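Participant: These protein sequence lines map, in sequence, to chains A and B.
Heads up: the first sequence begins at 369 in this note's numbering, then just goes up one per residue.
Heads up: the second sequence begins at 163 in this note's numbering, then just goes up one per residue.
One thing to keep in mind: the hints can contain errors.
Calculated lysine to aspartate or glutamate pairs in the DMTMM-like style (CA-CA distance at most 25 Å, straight line) [claimed, not checked]:
#1 B:Lys233 to A:Glu412
#2 B:Lys206 to A:Glu394
#3 B:Lys206 to A:Asp397
#4 A:Lys406 to B:Asp200
#5 B:Lys203 to A:Glu424
#6 A:Lys371 to B:Asp247
#7 B:Lys198 to A:Glu378
#8 B:Lys198 to A:Glu394
#9 B:Lys202 to A:Asp397
#10 B:Lys202 to A:Glu424
#11 B:Lys198 to A:Asp386
#12 B:Lys206 to A:Asp469
#13 B:Lys181 to A:Glu412
#14 B:Lys198 to A:Glu385
These are computed hints drawn from the structure, not numbers from a lab.
In this text, all values refer to a predicted model and were calculated from it rather than measured experimentally.
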Amino acid sequence: AQKVTQAQTEISVVEKEDVTLDCVYETRDTTYYLFWYKQPPSGELVFLIRRNSFDEQNEISGRYSWNFQKSTSSFNFTITASQVVDSAVYFCALSEAQNNDMRFGAGTRLTVKP
Amino acid sequence: DTAVSQTPKYLVTQMGNDKSIKCEQNLGHDTMYWYKQDSKKFLKIMFSYNNKELIINETVPNRFSPKSPDKAHLNLHINSLELGDSAVYFCASSQWGASSSGANVLTFGAGSRLTVL
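I would like the entire structure built from these sequences, with the hints used as guidance.
Facilitator: Encoded structure:
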């Protein structure tokens with residue numbers, strides 16, 4: 369089965385700092401999807417982005433950007449000019465096309481201090 | 163109008179009891195899931211149903227029994243509850259294999275926090 373590793377358990381930054389959350393994955397499938405989800409203190413899981421394995425273009429959405437590199441099996445997430453409201457647990461996930469079985473990394477808890 | 167709704171939101175019960183968590187989605191998705199999130203926030207898939215057919219059944223004790231009466235519902239019944247079952251249980255749904263940008267994206271319910279005393 370596929371595997372997702374988020375080596376950073378916790379990160380703490382001061383507001384306005386940039387921060388990168390790392391995600392490394394393993395899969396034998398050639399077609400797969402990568403995701404990031406946010407879980408704020410309120411507990412819900414919020415979808416942020418989906419990337420398919422054939423599209424290595426980086427993506428930017430406001431202060432969020434994602435860097436997908438198949439050569440290193442990584443899908444990193446950067447928040448620019450972090451804000452207190454960015455404090456949450458962030459999950460990277462992978463779903464293989466053949467079985468739609470989404471597996472999550474262990475999550476990175478980001479704390480942004482004012 | 164909630165896309166994925168699960169009830170109850172909180173459940174406190176004694177060891178040995180049987181309890182159920184219900185889930186309904188109004189997104190027209192064909193696949194539904196149950197995930198368990200433990201106290202360390204680790205999210206683990208338990209079950210997945212596609213068009214009412216069980217397609218993922220992880221190594222979950224057989225005290226856990228999912229039931230999907232139709233594509234829009236996936237309920238979770240737990241027998242003989244144990245202390246280790248205490249967790250937040252998330253229901254989710256997705257559209258399997260769609261070609262749109264929303265394909266395989268899981269939409270989650272708000273979670274059901276189960277506490278076993």
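Participant: For each hint, tell me whether it holds in the structure or not.
Facilitator: Against the structure, the hints come out as follows:
1. Annotation: proposed proximity of Lys233 of chain B to Glu412 of chain A holds, straight-line Cα distance about 23 Å (limit 25 Å).
2. With a C-alpha separation of about 17 Å, the suggested pairing of Lys206 of chain B with Glu394 of chain A holds against the 25 Å cut-off.
3. Simply put, Lys206 of chain B and Asp397 of chain A have alpha-carbon atoms about 20 Å apart, close enough for the 25 Å limit, and the pair holds.
4. Our distance criterion of 25 Å between C-alpha atoms is met by Lys406 of chain A and Asp200 of chain B, whose separation comes to about 16 Å.
5. Distance restraint check for Lys203 of chain B and Glu424 of chain A: the Cα-Cα separation of roughly 29 Å exceeds the 25 Å cut-off, and the hinted pair is therefore not satisfied.
6. Taken as a hint, the Lys371 of chain A and Asp247 of chain B pair is honoured in the structure, with Cα atoms around 24 Å apart against an allowance of 25 Å.
7. Distance hint between Lys198 of chain B and Glu378 of chain A is fulfilled; the C-alpha atoms sit about 21 Å from each other, no more than 25 Å.
8. Our distance criterion of 25 Å between C-alpha atoms is met by Lys198 of chain B and Glu394 of chain A, whose separation comes to about 22 Å.
9. Pair hint Lys202 of chain B plus Asp397 of chain A does not hold up; C-alpha atoms about 29 Å apart against a cutoff of 25 Å.
10. Proximity of Lys202 of chain B to Glu424 of chain A is assessed by CA-CA distance (about 32 Å); at most 25 Å being required, the pair is judged violated.
11. For the hint pairing Lys198 of chain B with Asp386 of chain A, the CA-to-CA distance comes to about 32 Å; that exceeds 25 Å, so the pair is violated.
12. Between the alpha carbons of Lys206 of chain B and Asp469 of chain A the distance comes to roughly 11 Å, so the proposed pair stays at or under 25 Å and holds.
13. The suggested pairing of Lys181 of chain B with Glu412 of chain A holds, with an alpha-carbon distance near 22 Å, which does not exceed 25 Å.
14. The suggested pairing of Lys198 of chain B with Glu385 of chain A is violated, with an alpha-carbon distance near 33 Å, which exceeds 25 Å.
Consistency note: the structure conflicts with the earlier hints numbered 5, 9, 10, 11, 14.
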